[in-house]
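Here are the chains, one letter per residue:
Protein chains: 2
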Amino acid sequence: MSAARIHLFDTTLRDGAQTTGVDFSLDDKRSVAAMLDKLGIDYVEGGYPGANPLDTAFFAQKPTTQAKFAAFGMTKRAGRSAANDPGIAALLEAKADAIVFVAKAWDYHVHVALEIPLEDNLIGIAESVEAARAAGREVMLDCEHFFDGYKANPDYALSCARTAYEAGARWVVLCDTNGGTLPDEIGTIVAEVTKTIPGDHLGIHAHDDCGCAVANSLAAVEAGARQIQGTLNGLGERCGNANLVTLIGALKLKERYRERFAIGVGEAQLGELTHVSRALDEMLNRAPNRHAPFVGASAFTTKAGIHASAVLKDPRTYEHVPPEATGNLRKVLISDQGGKSNLVAELERIGVTLGRDDPRLGRVLDEVKEKEAQGYAFEGADASFFLLAKRIIGELPAYFEIERFTANVERRHNALGELVTFSEAIVKVKVGEEVLISVAESALGPVNALDLALRKDLGRYQSLIEGLRLVDYKVRVFQGGTDAVTRVLIESADETGARWTTVGVSANIIDASFQALVDSITYKLMREGATA
Amino acid sequence: MSAARIHLFDTTLRDGAQTTGVDFSLDDKRSVAAMLDKLGIDYVEGGYPGANPLDTAFFAQKPTTQAKFAAFGMTKRAGRSAANDPGIAALLEAKADAIVFVAKAWDYHVHVALEIPLEDNLIGIAESVEAARAAGREVMLDCEHFFDGYKANPDYALSCARTAYEAGARWVVLCDTNGGTLPDEIGTIVAEVTKTIPGDHLGIHAHDDCGCAVANSLAAVEAGARQIQGTLNGLGERCGNANLVTLIGALKLKERYRERFAIGVGEAQLGELTHVSRALDEMLNRAPNRHAPFVGASAFTTKAGIHASAVLKDPRTYEHVPPEATGNLRKVLISDQGGKSNLVAELERIGVTLGRDDPRLGRVLDEVKEKEAQGYAFEGADASFFLLAKRIIGELPAYFEIERFTANVERRHNALGELVTFSEAIVKVKVGEEVLISVAESALGPVNALDLALRKDLGRYQSLIEGLRLVDYKVRVFQGGTDAVTRVLIESADETGARWTTVGVSANIIDASFQALVDSITYKLMREGATA
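Protein chains in written order, with this note's numbering: chain U, 1 to 532; chain B, 1 to 532.
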């Protein structure tokens, strides 16, 4: 029996953007789309072009090469034709492979929210799907509140789905919009729907309001649906959407699924899953969930006790899947061979080749463990990780040395009686035998002033760092043991468009920031092939 | 048809204590037990008396009045009688109503971990259960790895369960110890087991390694099991145990369960669920999960967009259960697109009553929009939003005024040649006619030094802010129009356990931080009812 292909549809950039506290920039959106593309996701939904300038700009060009790029929008408004609907026009202008229309499938909503006759809603579905089909796009219909709608009025909910399918929609997606449906109901209802629409045209869109979004998605697939919608790390409004990271782990690693279902994520891509999950959190300045299935830092951690010795005897005694399959680590066994093979793969990924038997590998591992114990997180800071490895293997030139720095901030009334703030910094560096001292002021604060002073005069390296600029700065304070520790992540870019992230950790936010600044400059000098 | 009684068994203090980073003190254990007792939980498992002095001390007296207090331990060791087993002696000495034995139910584990004949394991189960029964205790058997065991050798797994049942165990608990089993398998296997052991003697103990612990527990109940084991907020080793908070929400509020199943948690107790969930996090100094089903701060939050207006028309349009049932709140996020009805509801939530026709409402809305255009985000900063509204409606006292501040950071070599960093800040404030100037130094950097200096002497308000402390500090830099803008969120707490978040925005990170600090102190003074 050949495995049925399950299509993964990611809505991190659309439904996930509804998460409280999450704001994607245009650059963020591009990075996430590229990451999803590389991971083997089938569809990347980018947003709602026409609804806001950011999404319209994001759809000016296609950010994926393998994955289909999908645009989300409403079906046409009642009382006008699809051709005269500005929302549909905006969707058709977007550089999208697929167009996802959302339409109400619960009669109660058509009455209360739309306040139009039930039939008009069906006409809106049919004409919108046809218009997008005529424009040569793949089309999907998200049936909002499908399950509540089905329970209230199965005939009407089904008509919405069937109308879209008959109008040429490739996929009809059954949405549990308020997240209130439970796995056994999902299974029963999806099975019923497959009698009208073939399962390989059905998708599931689940929310986690009952803590069952993953189980609901799996129940729909068991009942015949062949597309799953979800988000990275379960981002999404309220309790979030179905977590695609968990679903990928389950579909790829659990035998009962692996035998019957296939997804576009290959074994090597699966090995990047932990990295992808944490990189998204770093970008959003969110603390990764340590307890996340498959990818959480604690997902394979055994606290000393009755299980630990059994895990050491044979990991299969307490592990349902091998942690390294998703690029994660077993924590009781971090220093053993499993830890080393992970590290070899991680180093390989950032361009440092070290054999498993190289004695320097153990020293890199020890240093990483020590730094992580202090609060460093290299998951989101490849450039600092690269420098750490290069330093230990003796390939990091000593470009410059910091002698001292000072930074001052002053807020006071100026001569006009206005409250104004000034920042000034002095940095003294040694480049070879040359001692250079620079001062800079900034309206942006002491970190910016330090950055400007540091980059003002690096002697013979100065010309190499002219194109360097800081594009993002993130700070997180957390408990490291008994004391608070500050972790700073700095993202830099240069004239070639290259981007890299560095990390600094200290009790002092300025120290932590300065470390990350120094790493960024050092990384740029390595990129330029500078020698000490 | 009368509803079947489902018994809730909480293992927060035993399995939950295995969570990375969680350490309960004796007082913590007593508080949690009291909280669970009040909530209507049937069994409170307190720990493993005999295994460590803390648990032994906790079992010196019973901490619950309604709930049965349960002690956990291993079955007797092979090669000695139950009467001569020190572990069993410690269990029988504990002031517990119920004794929970754990035994291996997977033949592979009996071979690899115990290294004893399969039959000896059954003898251990029978004799241990009988010994505890003879001592007048209610007895349960946790069948470790039951589902893996059942898949490998169903006869042996069932013999373990049957042996306990026939020896007089009140409950046989089927444990998915590594969390690797999926809902449909759980349903099928539990249904099979009910042919040997009646469902009202069967319990389920699920872990979240596949993100399905809640669904697995529900699947077991649907298949006939009548006891659910779990933890508050899903605490537990690795990815955690089944989240009892979510399960209580689902069993009490979802119609399909409420009709058929009854639990010991009444309506009034359900109304305390949000409080219980957050109180546990407070005790453990963990940030509550905003996205937790039923009880998370964002569980009923709608970000402005296509859903917000429908929620305001009729909450049932987008809410699967009413938030107030668990003591939670509905929240519609303030935003650029937010209209007046959003704002009235939001102000009501934070305790500011303004009628729709009040002219000040428009001024609040304009101010919110202007601030959001500058980069403020009030969705995560209720306290700053409260102050903004109070200021506009003329109810914000002018407690103090900042005259000026300075902050300095210096990194240099000390007399020992070590690189060290110092921060120092001076703040000058005017409280009424009194001018106060304070200085403070900090190892944590200029923001901390400013915070310390600002709170060092606020004159007549000083005694009111003694209990104030900063618990979190977050910084995000983003593009606001053409220039970079820094947004700082500060979370504060006080001696009553109250928490609030304030926001500051500026091109300068120190200014932004200072604004958020000033807002936090002002909010605390308002809470204290201080007058200007």
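A hint or two may mislead.
Heads up, the list lumps identical chains together, so a pair's fine if it works in one copy or across two of them.
[As the list claims (entries may be wrong)] With a straight-line Cα cutoff of 20 Å, these simulated DMTMM-like cross-link-like pairs (lysine to aspartate or glutamate) come out: (1) 371 x 528; (2) 430 x 222; (3) 151 x 319; (4) 456 x 403; (5) 474 x 281; (6) 474 x 491; (7) 151 x 259.
Bear in mind the hints are in silico, worked out from the structure with no lab data behind them.
Next on the checklist: For residue 151 and residue 259, with the copy left unspecified, which applies at a CA distance of at most 20 Å: within, between, both, or neither?
Outcome noted: between (33 Å within a copy, 16 Å between copies)
Item to check | Identical-chain pair category, residue 430 with residue 222, by Cα at 20 Å | outcome: Neither way: residue 430 and residue 222 sit 65 Å apart in one copy and 68 Å across, limit 20 Å.
Checklist entry - Quick one: residue 151 to residue 319, C-alpha cut-off 20 Å, is that within a copy, between copies, both, or neither? => result Between copies, since 16 Å is at most 20 Å while 39 Å is not.
Next on the checklist: At most 20 Å between CA atoms: does that hold for residue 474 and residue 281 within a copy, between copies, both, or neither?
Outcome noted: both (12 Å within a copy, 14 Å between copies)
Item to check | Intra/inter-copy verdict for residue 456 and residue 403 if alpha-carbon distance must be at most 20 Å | outcome: Intra 15 Å, inter 33 Å, cutoff 20 Å: intra-copy only.
Checklist entry - Is it within, between, both or neither when you check residue 371 against residue 528 at 20 Å Cα-Cα? => result neither (27 Å within a copy, 42 Å between copies)
Next on the checklist: Please sort residue 474 with residue 491 into within, between, both or neither, judging by C-alpha distance up to 20 Å.
Outcome noted: both (9 Å within a copy, 17 Å between copies)
Of the numbered hints listed earlier, those contradicted by the structure are 1 and 2.
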